[in-house]
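Please arrange chain B on chain A, whose structure you already have, making use of the hints.
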Amino acid sequence: DSGVTQTPKHLITATGQRVTLRCSPRSGDLSVYWYQQSLDQGLQFLIQYYNGEERAKGNILERFSAQQFPDLHSELNLSSLELGDSALYFCASSPGVGPGAPLHFGNGTRLTVT
Amino acid sequence: DAKTTQPPSMDCAEGRAANLPCNHSTISGNEYVYWYRQIHSQGPQYIIHGLKNNETNEMASLIITEDRKSSTLILPHATLRDTAVYYCSPKVGTYKYIFGTGTRLKVLA
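So the sequence lines, in the order shown, correspond to chains A and B. Here the first sequence stands for residues 165 to 278, numbered as in the working numbering. Here the second sequence stands for residues 1049 to 1157, numbered as in the working numbering.
Next up, chain A with everything else stripped away, as it sits in the complex (with noise of 0.2 Å):
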């Protein structure tokens, strides 16, 4: 068990709506990272936050967007939803920023836009 917890698991829904998943990084964990992993490919990195401000981004499309809050769990919606959106959605967090510190990942959010 990382420490991270997301939720939900799996998510079923239509094209055009719009989701958000959670996640909860792991006790004194101040960085979260969210990742896309599509069928069969590697992980895309979309987005980082620490404490609560945005720090890095990456492929991530205009229709997605993130927050983390003060309580550090994080959220990432994604709206107008194409079928092209079905992946896997990872979650990881590291302490801080530090050269040394490793991911620590959720067990991911599947979702299926049908």
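Hints listed in this document are in silico derivations from the structure and should not be mistaken for laboratory results. Quantities reported herein were computed from a predicted structural model and do not represent experimental measurements. Keep in mind that the hints are not guaranteed to be accurate.
[Stated by the list, open to error] Here are the simulated lysine-lysine pairs, BS3-like style, with alpha carbons at most 27 Å apart:
#	chain 1	residue 1	chain 2	residue 2
1	B	Lys1051	A	Lys221
2	A	Lys173	A	Lys221
3	B	Lys1144	B	Lys1051
4	B	Lys1144	A	Lys221
[As the list claims (entries may be wrong)] Coverage of chain A stretches by chain B, computed from C-beta distances (three or more under 8 Å per stretch; other residues unrestricted):
#	region
5	208 to 219
6	265 to 273
Glycine included, C-beta positions come from ideal geometry on N, C-alpha and C.
Relative to the frame of chain A, chain B by itself:
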């Protein structure tokens, strides 16, 4: 950004050492390399990381070349439970970890 190159797949006999290479020739001098593995569709699991020196922990060993352009993850005695996709992941700058497509390791009985 740093990029990684890993072989798409490898087989290893159970009980033998599995040596998983990664090329990260664009890595900068102060960027760590991390290794993770992903079993089925679970969240990736951290294995080991290093900067310049070789590292060993209870899971694996990491050999980094002197020029830091490549590294090798060694699982000394592979078991069936080590069947997974293995990712090497350089940390770029302060905030970004780069993942490639990984190596699918199959441990054969």
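Hints and how they fare:
1. As the CA atoms of Lys1051(B) and Lys221(A) are separated by approximately 17 Å, the hinted pair is consistent with the 27 Å bound.
2. Distance restraint check for Lys173(A) and Lys221(A): the Cα-Cα separation of roughly 24 Å lies within the 27 Å cut-off, and the hinted pair is therefore satisfied.
3. Straight-line distance between C-alpha atoms of Lys1144(B) and Lys1051(B) comes to about 12 Å, which keeps the hinted pair within the 27 Å bound.
4. Taking the CA atoms of Lys1144(B) and Lys221(A), the gap is near 9 Å; set against the 27 Å cutoff, the hint holds.
5. Judged by the Cβ-Cβ criterion of 8 Å, the region 208 to 219 of chain A is covered by chain B as claimed, because 5 of its residues qualify and three suffice.
6. Closer than 8 Å: that is the beta-carbon criterion, and the region 265 to 273 of chain A has 7 residues meeting it against chain B, so the requirement of 3 holds.
Violated hints for the displayed structure: none, as all numbered hints are satisfied.
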